[in-house]
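Undergrad: So the chains spell out like this:
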Amino acid sequence: MYVEPGIHLMQGDEAIVEGSLIAGCRFFAGYPITPATEIAERMSRRMPQVGGVFMQMEDELASILAIIGASWAGKKAMTATSGPGYSLMQEGLGYAILTETPIVITDVQRGGPSTGLVTLPSQGDVMQARWGSHGDYGIIALAPSSAQDMFDLAIRAFNLSEEYRNPVVILADEVIAHVREPVKVPPLEEIEIVERRKPSVPPEEYIPYLPDPGEWVTPMPAFGEGYNMLVESVMHDEFGHRIGTDHVAAERTIKRVYYKIEKNVEKIAMYETELMEDAEIAVVSYGSTARTSLRAVREARKLGIKAGILRLITLWPFYDKIIEDIASQVRAIVVPEMNMGKIVREVERAAKGNAEVMSLPKVGGVLHHPDEVLSAIKKAAR
Amino acid sequence: MIPESEFENILAKKYMRTEIMPHAFCPGCGLGIIERIILMAFEELGWDEWEKTVFVSGIGCSGWVPLYFRRDAAHTLHGRALAFATALKASRPELNVIVIMGDGDSMGIGGNHLIHAARRNIGITAIIATNMLYSLTGGQMAPTTPEGARTQTTPYGSIEPNFDLMELLKAAGATYLARWTTYHFMQAKNSLKKAIKHKGFAAIEILFQCPTYAGRYILNKPDPRDMLQWFKENSVPLTVAKKKDPEELKGKILVGEFLHRTDRVEYTEKLKELEKRAKGG
Amino acid sequence: MAATRVNQIAVSDKLCKGCYLCIWACPWNVLEISEERNWRGVKKPVATKIENCRACRLCEYYCPDFAIQVIVDEEEEKEILEVEERYEKPWLRRIERRNEIVSRGVWWLES
Chain A
11 MYVEPGIHLM
21 QGDEAIVEGS
31 LIAGCRFFAG
41 YPITPATEIA
51 ERMSRRMPQV
61 GGVFMQMEDE
71 LASILAIIGA
81 SWAGKKAMTA
91 TSGPGYSLMQ
101 EGLGYAILTE
111 TPIVITDVQR
121 GGPSTGLVTL
131 PSQGDVMQAR
141 WGSHGDYGII
151 ALAPSSAQDM
161 FDLAIRAFNL
171 SEEYRNPVVI
181 LADEVIAHVR
191 EPVKVPPLEE
201 IEIVERRKPS
211 VPPEEYIPYL
221 PDPGEWVTPM
231 PAFGEGYNML
241 VESVMHDEFG
251 HRIGTDHVAA
261 ERTIKRVYYK
271 IEKNVEKIAM
281 YETELMEDAE
291 IAVVSYGSTA
301 RTSLRAVREA
311 RKLGIKAGIL
321 RLITLWPFYD
331 KIIEDIASQV
341 RAIVVPEMNM
351 GKIVREVERA
361 AKGNAEVMSL
371 PKVGGVLHHP
381 DEVLSAIKKA
391 AR
Chain B
7 MIPESEFENI
17 LAKKYMRTEI
27 MPHAFCPGCG
37 LGIIERIILM
47 AFEELGWDEW
57 EKTVFVSGIG
67 CSGWVPLYFR
77 RDAAHTLHGR
87 ALAFATALKA
97 SRPELNVIVI
107 MGDGDSMGIG
117 GNHLIHAARR
127 NIGITAIIAT
137 NMLYSLTGGQ
147 MAPTTPEGAR
157 TQTTPYGSIE
167 PNFDLMELLK
177 AAGATYLARW
187 TTYHFMQAKN
197 SLKKAIKHKG
207 FAAIEILFQC
217 PTYAGRYILN
227 KPDPRDMLQW
237 FKENSVPLTV
247 AKKKDPEELK
257 GKILVGEFLH
267 RTDRVEYTEK
277 LKELEKRAKG
287 G
Chain C
183 MAATRVNQIA
193 VSDKLCKGCY
203 LCIWACPWNV
213 LEISEERNWR
223 GVKKPVATKI
233 ENCRACRLCE
243 YYCPDFAIQV
253 IVDEEEEKEI
263 LEVEERYEKP
273 WLRRIERRNE
283 IVSRGVWWLE
293 S
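Residue numbers (the working numbering), protein chains in the order written: chain A, 11 to 392; chain B, 7 to 287; chain C, 183 to 293.
Derived by calculation from the structure, the hints in this document are not laboratory data. One thing to keep in mind: the hints can contain errors.
Said to hold, decoys possible - Among the chain A residues that face chain B by a calculated CB cut under 10 Å, a handful are: (1) 55; (2) 67; (3) 79; (4) 83; (5) 84; (6) 246; (7) 252.
To be verified - For lysine-lysine, the following DSSO-like pairs were computed, each having C-alpha atoms within a straight-line distance of at most 30 Å: (8) 316(A) x 208(A); (9) 227(B) x 199(C); (10) 238(B) x 225(C); (11) 176(B) x 199(B); (12) 278(B) x 203(B); (13) 248(B) x 238(B); (14) 285(B) x 176(B); (15) 227(B) x 196(C); (16) 208(A) x 278(B); (17) 227(B) x 256(B); (18) 238(B) x 231(C); (19) 227(B) x 225(C); (20) 238(B) x 199(C).
What the hints assert, rightly or not - Incomplete in silico selection of chain C near chain A, CB under 7 Å: (21) 272; (22) 273; (23) 276; (24) 280; (25) 288; (26) 289; (27) 290.
Glycine residues also receive a C-beta, built at the ideal position from the N, C-alpha and C atoms.
All chains, full assembly: derive it from the sequences and hints.
TA: Put into structure tokens, the structure is as follows:
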């Protein structure tokens, strides 16, 4: 049923499928788009084998609503797309957020704006992932750097989405989606999987959007289980009933969907550091850019420059504290990104002026060369 | 004698969220009658069927219809009700999935999802409540606005012809089709019962009175009673229409059961077959 | 004149919006618009000629607001109260609980 434990040569797009299935994903809806098409293709083959449903929808607007529908049918559900499709999904994403529906969206980023650079990588959707849908909300976004990450983060994404009842975005890019690498699949019993919590009280006592003290979300029943859920896209109160002008009830709802992510950043945030113990120059990087950055940092060490790297795995919610710590340790922070400089703004904000923050943008659909990052490190070290 | 101050009809007590009633519809709005048609159908189908039923709606006045039912309901985005419902049905084929849409949800912003749901012949019951314009936003042109009609966005008269939903869905592949008005209360209820039991994509168009906008702007009948009277006088049953020549039928509302096909296999049954093939069975 | 066949035609003060579709629907002219406005400001219909009612229930069917109910006899009255007890009341208790919790202030607004 699942991919055998052991080491497999897999494309990033394939690894994310296998990871999702192990995480319990049983519904996939999507619309073909380069460079995420391979995810839909493999899902169409694998999903029925594990007893799930694969649907090729008529467009991305339908795809995201379909996975929300499947989630309320009690399934873990996912879609995969790229920039143009992700833009179309923003309204649906907001619907999932307000109704606290666990879903996973994979955005395999390609160059934009518009139809853009169809077959080339980019990290241009980073801010869209945070602020793309209208209104205020919290969201989780993960950035894989390898095929192995695609496998591991798929599982992590489903776990987080179930735990916080919130959409989780996997911000891959064309490089990671198409790279073929060895992927280590651990034995199933070693993989932690979070299952959806179901209400334990009878339906008449269940208040759909009023969590117990200290909890951020309520257990989530599926449709047809007698709980008479109202999945309401209009601003609603604790019962899911529409509220017209009750601004107090609206504030309660909005603040909870915002804070449930932002206040739990320490539990959600993942990062990796290398050579940071004595570093004076830090490279903060994520996604495929982290790979060239790591190479550049190692080269810098050979030249005697005390450089280190922080790889952000969780982009959103942004983990200010780790940047704050690093900024108080190093002289300068270099932020290479495949965009005109997006996460660098967050780094700059979190560094609070304690270290010089240098942006290293790259657009046009090509990864940074390690030498480019290296020369930025050298410049910072001067 | 039962006191009348906080009273609700027995159907409301049994099936509806009385704590949020009276509902938000204008006085005389036909959507309340559509709610009643749905509940009467379930009163006859039985409580077991009701417990297996879930509702999905889009945005618009019509989107509020299922919110008053004490039942699982999703008030989705404008036009996307069918996408949500399609996944719901595909994931849980044992549920009765009833989708309530208005003019915009079904033929405007959601037109694409409508034809694809019909093409797939997925076992959803679509109740399409039409009222000839967009009423939630204040009476603008809809794909169902008759040519020449004045609305808030067609002050000089609409220059666009309107959709014939029945013909559209017939071509797209739906397998059960009926059109009634809120005047045809019993007939609509009977069609709905058939549609819920039907295996395949079933759509019932119910033309309802919107006295506030369609009544004032299009028909010049701001009283709901006059609108129902107009429905009565201007609707022609299909069986009668067959004997008349097209000239006589101009401007009339054809009502009746338009299609009942049993030759197309329903989508979720095909899904089950597919799963068997994929598992090598 | 036929003997009275119907006990009560209940018209809800809470739900009636005064569209008078019931009056339009009634073939026996049982209902009339009342002179006085109720607490919601509606001149709701009243069954002034209840003796004419044949319990065809067309007024119920065309009422968009679930406001009207033809109650033929005590048995039907009992049925209504039973439905209320069994289907409606269990769901109303949680409202008080929510109100109580919310009035104390929800914890995530304080943090």
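Undergrad: Tell me the numbers of any earlier hints that the structure contravenes, in ascending order.
TA: Violated: hints 8 and 14.
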